[in-house]
Structures are given as structure tokens and as C-alpha cells.
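Trainee: Listed below are the residues making up each chain.
Protein chains: 2
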Amino acid sequence: MNKYTDATEEEINTAMQAAWDAFNVYRKYSLKRRADFMRSIAAEMEIIRNKVIPVAMEETHLPEPRLQSEFTRTIFQLNSYADYCEQGVWLDARIDTAIPARNPPKPDLRKTLVPLGPVVVFGASNFPFAYSTAGGDTACAFAAGCPVIVKAHPAHAETSELVAAAINKATKKSNLPTGIFTHIHGAGFETGKTLVMHPYTKAVGFTGSYTGGKALFDMANQRKEPIPVFAEMGSINPVYLLPEKLQQSAADIARQYAASVTLSVGQFCTNPGLIIGIDGDGLQQFITALGNEIKNIMPSPMLHPGIAKAFAVNRTKALTQSGVNTIAVASATAKENDGIPTIASATAAAFLNNHVLHQEVFGPYSIVIRCKDADEMQLIVQHIEGQLTSTVIGTGNDIELYKTLVDNIELTCGRLIFNGVPTGVEVCLSMQHGGPFPATTDARFTSVGADGIKRFARPVSYQNCPDIFLPEELKNENPLDIWRTVNNELTRDGVEV
Amino acid sequence: MNKYTDATEEEINTAMQAAWDAFNVYRKYSLKRRADFMRSIAAEMEIIRNKVIPVAMEETHLPEPRLQSEFTRTIFQLNSYADYCEQGVWLDARIDTAIPARNPPKPDLRKTLVPLGPVVVFGASNFPFAYSTAGGDTACAFAAGCPVIVKAHPAHAETSELVAAAINKATKKSNLPTGIFTHIHGAGFETGKTLVMHPYTKAVGFTGSYTGGKALFDMANQRKEPIPVFAEMGSINPVYLLPEKLQQSAADIARQYAASVTLSVGQFCTNPGLIIGIDGDGLQQFITALGNEIKNIMPSPMLHPGIAKAFAVNRTKALTQSGVNTIAVASATAKENDGIPTIASATAAAFLNNHVLHQEVFGPYSIVIRCKDADEMQLIVQHIEGQLTSTVIGTGNDIELYKTLVDNIELTCGRLIFNGVPTGVEVCLSMQHGGPFPATTDARFTSVGADGIKRFARPVSYQNCPDIFLPEELKNENPLDIWRTVNNELTRDGVEV
Numbered sequence: 008m009n010k011y012t013d014a015t016e017e018e019i020n021t022a023m024q025a026a027w028d029a030f031n032v033y034r035k036y037s038l039k040r041r042a043d044f045m046r047s048i049a050a051e052m053e054i055i056r057n058k059v060i061p062v063a064m065e066e067t068h069l070p071e072p073r074l075q076s077e078f079t080r081t082i083f084q085l086n087s088y089a090d091y092c093e094q095g096v097w098l099d100a101r102i103d104t105a106i107p108a109r110n111p112p113k114p115d116l117r118k119t120l121v122p123l124g125p126v127v128v129f130g131a132s133n134f135p136f137a138y139s140t141a142g143g144d145t146a147c148a149f150a151a152g153c154p155v156i157v158k159a160h161p162a163h164a165e166t167s168e169l170v171a172a173a174i175n176k177a178t179k180k181s182n183l184p185t186g187i188f189t190h191i192h193g194a195g196f197e198t199g200k201t202l203v204m205h206p207y208t209k210a211v212g213f214t215g216s217y218t219g220g221k222a223l224f225d226m227a228n229q230r231k232e233p234i235p236v237f238a239e240m241g242s243i244n245p246v247y248l249l250p251e252k253l254q255q256s257a258a259d260i261a262r263q264y265a266a267s268v269t270l271s272v273g274q275f276c277t278n279p280g281l282i283i284g285i286d287g288d289g290l291q292q293f294i295t296a297l298g299n300e301i302k303n304i305m306p307s308p309m310l311h312p313g314i315a316k317a318f319a320v321n322r323t324k325a326l327t328q329s330g331v332n333t334i335a336v337a338s339a340t341a342k343e344n345d346g347i348p349t350i351a352s353a354t355a356a357a358f359l360n361n362h363v364l365h366q367e368v369f370g371p372y373s374i375v376i377r378c379k380d381a382d383e384m385q386l387i388v389q390h391i392e393g394q395l396t397s398t399v400i401g402t403g404n405d406i407e408l409y410k411t412l413v414d415n416i417e418l419t420c421g422r423l424i425f426n427g428v429p430t431g432v433e434v435c436l437s438m439q440h441g442g443p444f445p446a447t448t449d450a451r452f453t454s455v456g457a458d459g460i461k462r463f464a465r466p467v468s469y470q471n472c473p474d475i476f477l478p479e480e481l482k483n484e485n486p487l488d489i490w491r492t493v494n495n496e497l498t499r500d501g502v503e504v
Numbered sequence: 008m009n010k011y012t013d014a015t016e017e018e019i020n021t022a023m024q025a026a027w028d029a030f031n032v033y034r035k036y037s038l039k040r041r042a043d044f045m046r047s048i049a050a051e052m053e054i055i056r057n058k059v060i061p062v063a064m065e066e067t068h069l070p071e072p073r074l075q076s077e078f079t080r081t082i083f084q085l086n087s088y089a090d091y092c093e094q095g096v097w098l099d100a101r102i103d104t105a106i107p108a109r110n111p112p113k114p115d116l117r118k119t120l121v122p123l124g125p126v127v128v129f130g131a132s133n134f135p136f137a138y139s140t141a142g143g144d145t146a147c148a149f150a151a152g153c154p155v156i157v158k159a160h161p162a163h164a165e166t167s168e169l170v171a172a173a174i175n176k177a178t179k180k181s182n183l184p185t186g187i188f189t190h191i192h193g194a195g196f197e198t199g200k201t202l203v204m205h206p207y208t209k210a211v212g213f214t215g216s217y218t219g220g221k222a223l224f225d226m227a228n229q230r231k232e233p234i235p236v237f238a239e240m241g242s243i244n245p246v247y248l249l250p251e252k253l254q255q256s257a258a259d260i261a262r263q264y265a266a267s268v269t270l271s272v273g274q275f276c277t278n279p280g281l282i283i284g285i286d287g288d289g290l291q292q293f294i295t296a297l298g299n300e301i302k303n304i305m306p307s308p309m310l311h312p313g314i315a316k317a318f319a320v321n322r323t324k325a326l327t328q329s330g331v332n333t334i335a336v337a338s339a340t341a342k343e344n345d346g347i348p349t350i351a352s353a354t355a356a357a358f359l360n361n362h363v364l365h366q367e368v369f370g371p372y373s374i375v376i377r378c379k380d381a382d383e384m385q386l387i388v389q390h391i392e393g394q395l396t397s398t399v400i401g402t403g404n405d406i407e408l409y410k411t412l413v414d415n416i417e418l419t420c421g422r423l424i425f426n427g428v429p430t431g432v433e434v435c436l437s438m439q440h441g442g443p444f445p446a447t448t449d450a451r452f453t454s455v456g457a458d459g460i461k462r463f464a465r466p467v468s469y470q471n472c473p474d475i476f477l478p479e480e481l482k483n484e485n486p487l488d489i490w491r492t493v494n495n496e497l498t499r500d501g502v503e504v
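Taken in order, these protein sequences are the chains called A and B.
Each residue of the first sequence is one higher than the one before, counting from 8 in the numbering used here.
Each residue of the second sequence is one higher than the one before, counting from 8 in the numbering used here.
Fair warning: there could be bad hints in the mix.
Repeated chains share a single entry, so a pair holds when one copy, or any two copies, can fit it.
[As the list claims (entries may be wrong)] Pairs of lysine-lysine, DSS-like flavour, derived with a Cα cap of 25 Å:
id	residue 1	residue 2
1	Lys-231	Lys-379
2	Lys-482	Lys-179
3	Lys-35	Lys-410
4	Lys-221	Lys-200
5	Lys-324	Lys-231
6	Lys-316	Lys-302
7	Lys-221	Lys-231
8	Lys-410	Lys-482
9	Lys-302	Lys-180
10	Lys-302	Lys-482
11	Lys-302	Lys-113
Keep in mind that the hints were calculated from the coordinates and are not lab data.
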């Protein structure tokens, strides 16, 4: 599939030892030096933009505008997480000063976050830049103070090599030990396993399939020393269409969703694979309009033949389930490895009775579920698995009338969208890209936004530690000028002792 | 062992259904109502103080002053976590306002924390109040918005019943559904397993042995839907004695440690079970002084016969390992089920070669490790397992000279103490009571201090949500007057849109 050979166990051992040695240097770096390193990677990335994008186009079949914007997003992630890293508020610095006169005397206690150690990152096939080599997981790990070992996704190994070279340049310019970043190839299962099981590996970041993510999670828990795995394993991102809104704007919503379902050939973890409405004129209009839109959308090449084959198999499997009707298929002729835009439909009863219909069909596919009434829609919410996102399409009246339903939808997802589409994941502090299992392995963390840093750090308390030995963020005078919680109050003031 | 029978599977199913129903009510309560409920529990606890303490004395053999202070601590936890819950800063509320003119338009995104769901709490044998029925885990879960199902520790089932009754009174007075709190007995393994495997259980809090905690962690990961388990599984809490300080104050340190090793018959998870020094006059003086102190400390009854038996077995096992010398044993005659204060010693080489010596001997026991030199001490740090605490006893000069050693110690623990003892765990925001595996199952969380709330909550983002449907903490006008991060800046100001 690619010209790179799988890393041997010996090569992995060498890389992990180098990562561990680099960890002991890098973890003591100031926030500013970490941030500067990340900005330096961003700068090196900008330099290779015109060289790497054609390679990525070749490897992933994604069109240039999409890759350009993903590349820009990747650089934005590095720079904005660097800024957030430097601001230091994420350290949640805490200071409780001593009360020697209390009985028993209260000690001086101060708490900050320290990095976990080397982080293994698995590149995602559908985001060759933003969730791969220099992507969100890597940026978060560097901000936390952790070295990174990336296992390149074999479907875009050459793209990954070029990005890795940019990181290595930044490493050199920043005078960091080379072990801070290692790039490893491995088309087989064994490479990933060896990496996750290595005693120097202290955390894992993964974006990909349920099968892949769950296997890594299980391995990590079976280690002698279990380690945290944040695996983002996709989702079918239910969209709940409420009646009044549907009555008002069926055609507009259909147009919006035809675009969302087929964006990047449906290869987004936030693709709306499930649309749920209550039977009636509005829903019927929506289905007809959505079908008409989908027929006119061109089939396009998927990321790689493996994904195209999986789409074909899963699409056929879904369409041939009992009670499933095919509503519309793109009318243009598809070429080999193309994803064919497809809309199906089924009743709520069929959906509730058949787990196959709950499974992600990764690609430009969505199924519309027709409920008899609001109670059936409520039943679907109660039986839906954990999701990255859920979307409510409704007027103010709808949302008020269906308040309990919306409240229950909240239980099932990490992000709740009103009157929009789930595709498009903003990089900002308010973003939660995570969600209850099986969307991710730990709903308490996010992989988009600078809050993702917290996956790779842990608190340490210092008790009666002399000021001179405290980390900068905990010193009396607050030399970093960061927000800290001192004796239960947020402040940027120094501490008088 | 006690008069209560194990809960049947049917009883557990009923309790979990009630907890789920209560969750759907309680999770929508305001922070103030949650806090008031917690304060109401604290008030009901105060009422039963004089009734429950004699029962706890009978069940645990802990002396009255210790139980009185633990009881006071438990009430303090409930009240102080309630205050913190109400302040709302723990929600990490985030607001990024929309930029409609951007291409593509930036949506309005807002993030807060929502509760995970029903939490199963396993009472600890050594803290009948502070880490049992109305203890830290229960208080954190209530603050997070979660119902609690407590499995009483069989060794203090009657104490637990009385505390549960106080919680039930507070539930009634607060007009909460009874399912918000359920008290279950179960001496056998099956009760715990049924609770952890129940689909409505969404998180677990545990304080106890490695065997117990690891079994729950494994079960939870093998569920169809894995759930987070925070198990605090104890630790041997290494104490590193540095040379200059030892030369100056061997006798004082010995006195301090004789008290710490034997406090509450050594039945603390932060008991200093391992003391490490470099051979020389100072260390010899320390060992002699510590031995003399220990001889004069009275053997005392342990929590229950099971713990006393385990102590006897583990103590004998440790003392009979190759290279281990018994330094001192309490000279008074011990009664049945007494813990006998004991100090042993071994060389670093013996310690490094024998994993048995790394294992916790739960009770009034500590082993002093004699290193030939600083390199050997460094080697011990490299081979030590994850710990709740580590302690450095040293002068300013010592700590400067041994800076790398201290830096490496930090990698192994959750709390780093200077010139003190690890026993005594302050309840405050700067406390980290956690640490790398096997001290706990997830070093990123704490079980002491209000930060423990975060174990039981997860972020949810709301995208383009109408203000009227947003949770209070995310509404434009900031009606709760809490600290929020608005467009990357911490502020208590409202948002103008």
C-alpha cells in the first residue's frame, strides 16, 4: 500500500527510550518554551503547504479546497493551543496558604498539572492534517508537556512523512531532544499494539473506527499499568426534526442536509447518518425534497479503497434490512471507489428492533426514521447509543413543547446543535468533541479545542514546598501573571506569606 | 458478620430504576438546590453525632477522638463541597459568541458540565464516615448532580445504616425522589458486581484494597458500555531522607515518624510504609531512635478481624524475606486482633530485587531501606510504583543538591510533601488525593477536595441554543454571577448579543 515498512519492535523500543529521555527534559520547560515550540511547528508547516497538499490530494482523493482549509485549521490549532498553553489558566493552579495556628496546623498546599509522559497518537484516515501527524492530539500533548509518537495512517503515509519532517525541523530549531517526536509507520495491527503496550507509553490518542479504538482501549486496560486512551470512534449523529419547523421549512432543511450528508463524501465523524421525524405532511415533503437533492449530487472518490469497500458493504447491508426503503441514490454513474450519495427510510419500529440500523455507515449515507408520534420519537432517544452530536431542528414553540425530549437527547451526546448541521466542528474553548460511549472511550474529555490538553496531564500537590522549588505557576509572586485560585478565590494577585 | 442480608438482584434492579428516575429530576436542579440538599445532609448528620459515634467505636475499634474528628471532617466535606458546587466555577462554563460575518459563519457555542448519572460508591473500612456512606465520593456525586447507591462496608454496617437514615431524612425534607440515594448491604462479591454491571450505573467510586479496586475497574471496562471507575487503592508512601537534614535532626524525624506510622494503628492509605535513606551516622541514629520510639507504642485493636489477620500475615511475610531485619517491635503484649507496631530494615539491593517489599502492609508497619549512595536512592525512585504521596525530608541545601532526584520523585506520586508526614489529608482545593497506578485507576482525578466532583461530570456543548433553553450558567446575563470564560477571557460579566 505504501513504500514504508512497519517499524520493528527494536525501533519502537529505541523510539520509546528516546521519548522518555526527552520527557524528562521537556516536562520542565516553561509554558512559553512549549508554546514557542508549537508555533515553530506551525511556521514549518506553512512552509511546506504547497508541497504537501498535492501529495495529500493524491493519497486521500480529497479536493484541494477542503485540504487547504484543513491545513489552515491545523496551523490554527497549533497556534491557538500554544496561546492557551501559555496563558496557563488550564493548569487550574490552586494555592491554599498555611494556617500554623490551627489545631492541627494547616500546611501550605499548592496544586498544578504535570504531563503524563509519552503519548502515542494514531493518525486518522479522514483528516490527514487536522487529526493526524501534527493534528489536535499532537498539539494537545505538546502543550501538556508530553513527547509524541505518531503512528502514521498507512493511507496517507507520504503526507505524514512530510509533516513529520516539518515537526523535526521545529524540534531542531527549538533545540529540543529529537525524542520529543517520533514518526512511525505500521500498516499492521502489531505496530499499534507494541506502541500501546510499551511501559514508557503513558497515554493514547486515537481517531477512527469503533473496532480500532475499542481494541486499543482494551489493550491499554490490560497493561500491568493501565493507561488512559482517548479514542474518538465516530457516531451516527441523530437529527431530530420537530413538527412546526418541518411544516414551515421542509425544503430548506432538506437542502441543508443533502449538503451535510455528502460533505467530503460523507467522511466526517459528525456526518448526520440518522434523521428522525414524526409522520405527516412536513416529513413527507422533507423526504421527497432530500431525495431530489441527493439524486443530483455526484458520486466522488472516497479516501482509500478500504473505506470505499466498507461503505459499499455497509450501505448494501443497511439497505437490505427488513423494513428499509431506498429513497434516493445519486443518479450519475459511479466510478470504482466512489461513494454513492444515498438516502434510505424506515419506520421507528423497524429501527428499534434492528441494531444494524444503529450502526454507522461511514460515507454519504443517511436514513430517515418515521415515527408514528412523539412517544415513538421519545422511545428512539431512550434507545440511542452515545453520540458525538445530536441536532434538534425546531421552532421556539417546538422546543418548548418537546422540552423533555430535548432534555433526554442531552443525555446521549457531547454537543447539542439547534437548527444547524453537525458537520463543521469549530476549534474553540466551548467545543466539546466527545460524548458517551461508544462515541468515545471517556465522555469527560474532548479532542477538539484546547481543553483537549487535559487528557494528557494530571494534578500534583506540593505540601510545604519551599518557594524556590515550586513550579513557576505556583510561586508566591505569580511570575507568569496567570489566573489562580488562592484560598478559594480566583485572582491574578501574588501571595503574601 | 452483620445482621443485614445481601441485596438481591431484584432489589438492586429496583434501586437502579429509582436512581435513574431520580437522576432525571435531580440533574435539572439548580446548583443552589443541590447545595442545599448537601447542607441538609450535613445538618441531619450533626443531629445523629452522639448516637452514631458509639456505634462506630463498637464496629471499628477506632477511639472516640479519632471518630469525632472524622465525623466533623465529613460534615465539613458536605458543607464545603456544597459551597463550591454553588459557586459554579467548577462547571468551567465557556461561551464563544457567534460571528455571523465570518466565512463560514461562526456559530454560538457554550459549554458546561452535566452529571454522568447514577454513581455506585463502595464504603471504605478505614473511614466509616469520611469515605463511606455520606463521605467524599457521595458528596462529590451529589454536587455533580448524580444519584448515589452506596454499598455499605460490612465491617461497619450499623454505622452505615444510621448515616443512611440521616441522608434519607434530608432527601425527604428536600422533597427529592427517594431514588436519589439508596443504601445496600452486600458482604459478598456478587452484590458489588451486580451494581457495577448494571446499565444504569454510570460511574463508580471506591476506596480500599488493590485487589478490590482493580476487580471493579476490570469489570467496568468489560461492560458493553464501559464506565469510569475511580478506585483509590492505597500506597506505601515513600519517605526520602536526605543526608544534611538527617545529620541535623535524626531524633526529631524519628519521633515524628513513629507517630505517623502508628497513627490510627497504621490504617491510613497515606501511611508511610517505606522510608529510604543513605547509609551513614545520620541514618543509623534515625533507625535507632525510630526503633526506640516504636517499642514504646502500645499495640491496639485493628478495624476488624479480617484486617488484623491480613496485617499479621503480610507483616510476617515481609519480615521473613531475605535480607530483611526486624529493627523494633512494640514491647507490650498484644491482644487478639491488635496491630503490633513494627519497624524493619533492608538494603536497597534487597528491596530492588524483591517485589514483596514494595507491597503495602496495611497497619502500623514500615521498612527502612538503606542505600549505599545517592545513585542507589535514584534507582529506587526509578523502580517505585505509583503512589498517593511521596515525602522529601531535607534542608534547602539537600533539596538543591538532590534536585534531579526530587524531580523524578514527582513522576511517581500525586502529592509531594516537604519536611512533614504523609498522614493528614487536608480537605481543600489544592489537595490531590490520587496518583499514578496502582495508587489509583486514573491519576487525572482526586478523591479529596471539591475537585473530586469532576470525576462524575462531563462537558456538553450547546450550539446556537436559544437563551431560554440554555442552563442558567450559560445564559447571556450570567444570572448565577459565576466566573465564565467568554471569548477566551475569564469574566463575571454578562454577554451582549
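Trainee: From the Cα coordinates, with 25 Å as the cut-off, is the pair Lys-302 and Lys-482 best called within, between, both, or neither?
Mentor: Classified as neither: same-chain Cα gap 64 Å, cross-chain 42 Å, threshold 25 Å.
Trainee: Is it within a copy, between copies, both, or neither that the alpha carbon of Lys-302 lies no farther than 25 Å from that of Lys-113?
Mentor: neither (71 Å within a copy, 30 Å between copies)
Trainee: Taking 25 Å as the upper bound on the Cα-Cα distance, should Lys-316 and Lys-302 be classified as within, between, both, or neither?
Mentor: Within one copy only: 21 Å inside, 75 Å across.
Trainee: State whether the alpha carbon distance between Lys-221 and Lys-231 is at most 25 Å within one copy, between copies, both, or neither.
Mentor: Both, since 18 Å and 11 Å are each at most 25 Å.
Trainee: When Cα atoms must be at most 25 Å apart, do Lys-35 and Lys-410 count as within-copy, between-copy, both, or neither?
Mentor: Between. Shortest inter-copy distance 12 Å satisfies the 25 Å Cα cut-off; intra-copy 50 Å does not.
Trainee: For the identical chains here, do Lys-410 and Lys-482 meet the 25 Å Cα criterion within one copy, between copies, both, or neither?
Mentor: between (48 Å within a copy, 17 Å between copies)
Trainee: Treating 25 Å as the Cα threshold, decide for Lys-482 and Lys-179: within, between, both or neither.
Mentor: neither (31 Å within a copy, 47 Å between copies)
Trainee: Is it within, between, both, or neither for Lys-302 and Lys-180, if the alpha carbons may be no more than 25 Å apart?
Mentor: neither (52 Å within a copy, 61 Å between copies)
Trainee: Evaluate Lys-231 and Lys-379 at a C-alpha cut-off of 25 Å and name the case that applies: within, between, both or neither.
Mentor: For Lys-231 and Lys-379, neither the intra-copy (51 Å) nor the inter-copy (30 Å) Cα distance is at most 25 Å.
Trainee: At most 25 Å between C-alpha atoms: does Lys-324 with Lys-231 qualify within a copy, between copies, both, or neither?
Mentor: between (40 Å within a copy, 23 Å between copies)
Trainee: How would you label the pair Lys-221, Lys-200 (within, between, both, or neither) given a Cα cut-off of 25 Å?
Mentor: Answer is both: 12 Å inside a copy and 22 Å across each meet the 25 Å cutoff.
When the structure is compared with the earlier hints, violations turn up for hints 1, 2, 9, 10 and 11 and for no others.
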